[in-house]
Amino acid sequence: MDYLVQVIGSGILQGLVYALIAVSLVIIYKSSEVFNFSIGEFCTVGAVFFFLLQSLGLPLWLIIPGFLLMSALFAGLIQKLVIDRLIGRDPLSITLVTIGISTVLIGLLLVFFGENPEIIDLTLPDVTFDLGGALFISTQVWNGIIASVALIGLLLFYKFTTMGILMRATADSQIKSIVLGINARWILTLTWAISGMMAALGGLAVSNGSAVSYDMGIVGMAAIPVVLLGGLESIPGAILGGVIIGLVETTTIFYLEPWLDLPGFQAITPYIVLLIVLMIRPQGLFGQEMIERV
Amino acid sequence: MKSLTLIFSAFAMVFAMSGYTQFAEGADKKPVLMLHTCPLSGILGSVPDTGYGLTDAATYINETGGIGGRELVGVVEDGRYDVPTTLGIFNRFAESEPKDEFLSYSQFCTPCLKALTEKVNEEEKIPVLAGSMSALIFNDEEIKKTPYFFATGPGYGEQWGMVLKYIKLNHKKSTPPRVAFHYFDNSTGRDPMGDLEMYAKKFGVEIVLMEPFSPTAQSFATSFLKFRKEEIEYVLFWNWSLKIGVRYFKEAKKYLPKTPIFGVHWTAANLYFNFVGKDYDNHFVVSGYPVETELDNKFVKIITDMAKKKDRKVMAWAFYMQSWVMAQLPAEAARQVLREGKPLTRENLRYALENIDTDLLGMFGGEKLDYRTHKFSRARVLRADWSKKTLVPMTEWVDIYDYLK
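Just so you know, the sequences run in chain order A and B.
Here the first sequence stands for residues 832 to 1125, numbered as in my numbering.
Here the second sequence stands for residues 473 to 877, numbered as in my numbering.
Just so you know, the hints here were simulated from the structure itself, not pulled from any lab data.
Careful: at least some of the hints might be erroneous.
To be verified - List of simulated lysine to any residue pairs, SDA-like, C-alpha gap at most 20 Å: (1) B:K701 with A:I839; (2) B:K726 with A:G964; (3) B:K726 with A:D1092; (4) B:K701 with A:P1094; (5) B:K726 with A:D957; (6) B:K725 with A:T1082; (7) B:K701 with A:P1089; (8) B:K701 with A:A965; (9) B:K782 with B:V545; (10) B:K750 with A:S886; (11) B:K785 with A:V942; (12) B:K726 with A:F967; (13) B:K785 with B:G749; (14) B:K701 with A:L835; (15) B:K726 with A:D833; (16) B:K701 with A:Y834; (17) B:K726 with A:T959; (18) B:K730 with A:P1094; (19) B:K726 with A:L953; (20) B:K701 with A:D1092; (21) B:K701 with A:T1082.
Given these sequences and hints, build the entire structure.
Structural data, given as structure tokens:
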């Protein structure tokens, strides 16, 4: 029983971190149909900002808003400098540009941050749960809490705030929102900024109690099966997708791998699950079915 | 007339001889070229000590007379731990440099070494001092097929064997020690598995899990939880990436605070103290190299003085030492060739390496290196001690083959 608690608990906690990164992809895709392939580097940049503030010896209550603000500004700046100039082009070409952004960011991180890893320690009260057969260490629990708070906060922001409603309107139809007097360009910049903050939190969760390095952007790849599974346009879908992928991974590691005697199989199973789901629901669990009239 | 002819002949002879002598001296003064590729950029490019060592060793060797008066030129190139890049560099030098000058090559990349097998052993026939100590290359059978490969350390198989023997000797319970082998998931990661299983059987150690981790792993939590479930008593951590190592030690102490983690040469690095602090404490390693704090060791004294003189910020002394040895070993072999009155050729250098008579500047506490197996025969078990911020010896220098009997 303890073991099952471990499998489910670890899966959910890991899945929430995936969801955090996946959501940052989804909110950009929703607003502009652009798939941001540089999301992993956004995570890294966020974690680097955290490290920089941490190394200045600032207290946590200053570091958290500080690194989120820096990440938002950074993502907003990328949008203004690069993406904004491409508005009106095919979303696919903008998606390809994000691959270029990723490469440039890796290079810049290597030059300015350096090639060595740096430790990130979010000093928070110890909330380790040691249930004998099941262990949830403090950093893992805190990562889950941070991810949950951020995801709930984002959902509430979209649902109840004026800015959130404006963002949803722009995501539904940029042209209609412009006709209604909404500054769509500003809304898009803001969307990128919020995506940057979510990615930064994802980067922090990944490197918390561990280390950040310039090439950490590979974590962005973990979000791809999550968003495809949940549906590219759905925030709840990304959250559910994250949790499902997290559970699939831990179940594979703890049950399937020993049973099949296939160590490392966990790297493949999210994609197997994804294939099965996409065969049944090509738009993902919560994605919108596209109907084209001819 | 006869006397004039004689005088002219004598002059001509003297002239010709002086010309010959000049030529011969010129030939003797040709530099000895050692090519060295190491990862200065790319996935493992965060420790420049893999290059500094060879450069500084070349300085030391030249300051102590060079190689029979010939200057040693150590050329360091960035191989990026990448096969095409490394092969490209080696081929460029092989094609452009004279064979009687380009006498040895050293490098740090196992896949590159495997890719160079034919080129080195059948075409170029040049001694290669390898950072890799691959169990699949450096074993009794394979080494006959690759006679120009020399490892700069004990074989990975023997290092892991020594770890298992040490565990067995110090295991307090009556049941066999329960061990997990946690390895970097690529061909080098799987390299010592055969030997590991063989030694585990021999020493009565139970390998409960062979668990891979991805080269891009950001977390090892699920593996650690698996180890807890299986009641693993010792973890064998097989890794050579600094980034992986840092993340690993940080997490391991949280999930497995009481489980000793063992490693070999590549995690025997003082730099982990700088990166993970006390989370590196109590990490056990097998190493064929001394520790930088052992200043009573002549080799350590020489290299630390040189590093100081050159103002090197050495991050990982073990890798600096290894890089140094990649020049020191062939240089001593070359001196041996000249002492024996033989011409300095690649083949004679290979033979001298195989039969080298040296204590490597006293590196093994005064014991001589037996290099007939093309790998180091001496090693120690060390333990990371956070209170002293260094690795402390847990055993004397031992002959590995005796230890593994």
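Query - Violating hint indices (sorted, rising) - result: Going through the list in order, the structure violates hints 3, 6, 18 and respects the others.
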